[in-house]
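Protein chains in written order, with this note's numbering: chain A, 1 to 129; chain B, 130 to 258.
Hints listed in this document are in silico derivations from the structure and should not be mistaken for laboratory results. Heads up, a few of these hints could be off.
Among the chain A residues that face chain B by a calculated CB cut under 7 Å, a handful are [as the list claims (entries may be wrong)]:
hint : residue
1    : Tyr15
2    : Ile38
3    : Ser43
4    : Pro44
5    : Gly47
6    : Ser54
7    : Thr73
8    : Ile75
9    : Leu84
10   : Gly115
11   : Val117
12   : Ala118
13   : Ala119
Since the structure is predicted, the reported quantities are computational estimates derived from the model, not experimental observations. Where is the CB? At the ideal position from N, CA and C, for every residue including glycine.
Number of protein chains: 2
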Amino acid sequence: MDDVTSLLRANAAYYEAFQTRDFESMKQIWAADAISCIHPGWSPLAGRPQVIESYRRILVNSAQEPLTCSDETVIVSGDWARILCIENIGAGKLAVTNLFVRTGEGWRLVHHQAGPVAAEVPQQRRVLN
Amino acid sequence: MDDVTSLLRANAAYYEAFQTRDFESMKQIWAADAISCIHPGWSPLAGRPQVIESYRRILVNSAQEPLTCSDETVIVSGDWARILCIENIGAGKLAVTNLFVRTGEGWRLVHHQAGPVAAEVPQQRRVLN
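Take the sequences, apply the hints, and build the full model.
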């Protein structure tokens, strides 16, 4: 399987684990160490214990809205890769960095940041006003 | 100079270029290719022309508020490194990922994302209510 396909699968697995609240899968998706994360509105978290605990708390939160991923851009540089994408949550959109490293067991997530995309003024509205 | 010191200097150079609106320096801080960026509220940008053009537009914008960087966390993994930090803009705070790659000319920026940190409820307020 080529790198881009493998990376898109690893990225999709992250959102699948998120959607199904599968904490055990989420733990496997992340690399073994030197991981970090910036959740929307949060300060940065660094270190596997801190990052994994944040996901445990998020995945048990029954108020978490359904989330889908779209608009993936994959940038591979040797054993490191970024996927930039959009997370769609209700009417809201978050812009995302997912940073992966190649390991003996495949691509593993080492960093995630998500932050809000400002709502765009619809084209029609701009024309009419 | 050790990696952490070099990286903190490269990160500081980014904020210095931002603060002084030094577009020529900003262009040198970024790697030659495969760069990407997510400005606050923006969708992801990928590719040197797109990223550099976004900085040209931001640096000529006279409405840009002063910005300082604090709370740096440096994570080095071989020839790749992340600095997680906080950008302070007036009373607001942004949480930041700056991703660097080691090149023959030193560490160069390959990806930047900044997104808002939610205001915390002051301790006193929580006690009083």
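Checked hints:
no.	hint	in the structure
1	Tyr15	violated, 16 Å
2	Ile38	holds, 5 Å
3	Ser43	holds, 6 Å
4	Pro44	holds, 4 Å
5	Gly47	violated, 9 Å
6	Ser54	violated, 13 Å
7	Thr73	holds, 5 Å
8	Ile75	holds, 6 Å
9	Leu84	holds, 4 Å
10	Gly115	holds, 2 Å
11	Val117	holds, 6 Å
12	Ala118	holds, 4 Å
13	Ala119	violated, 9 Å
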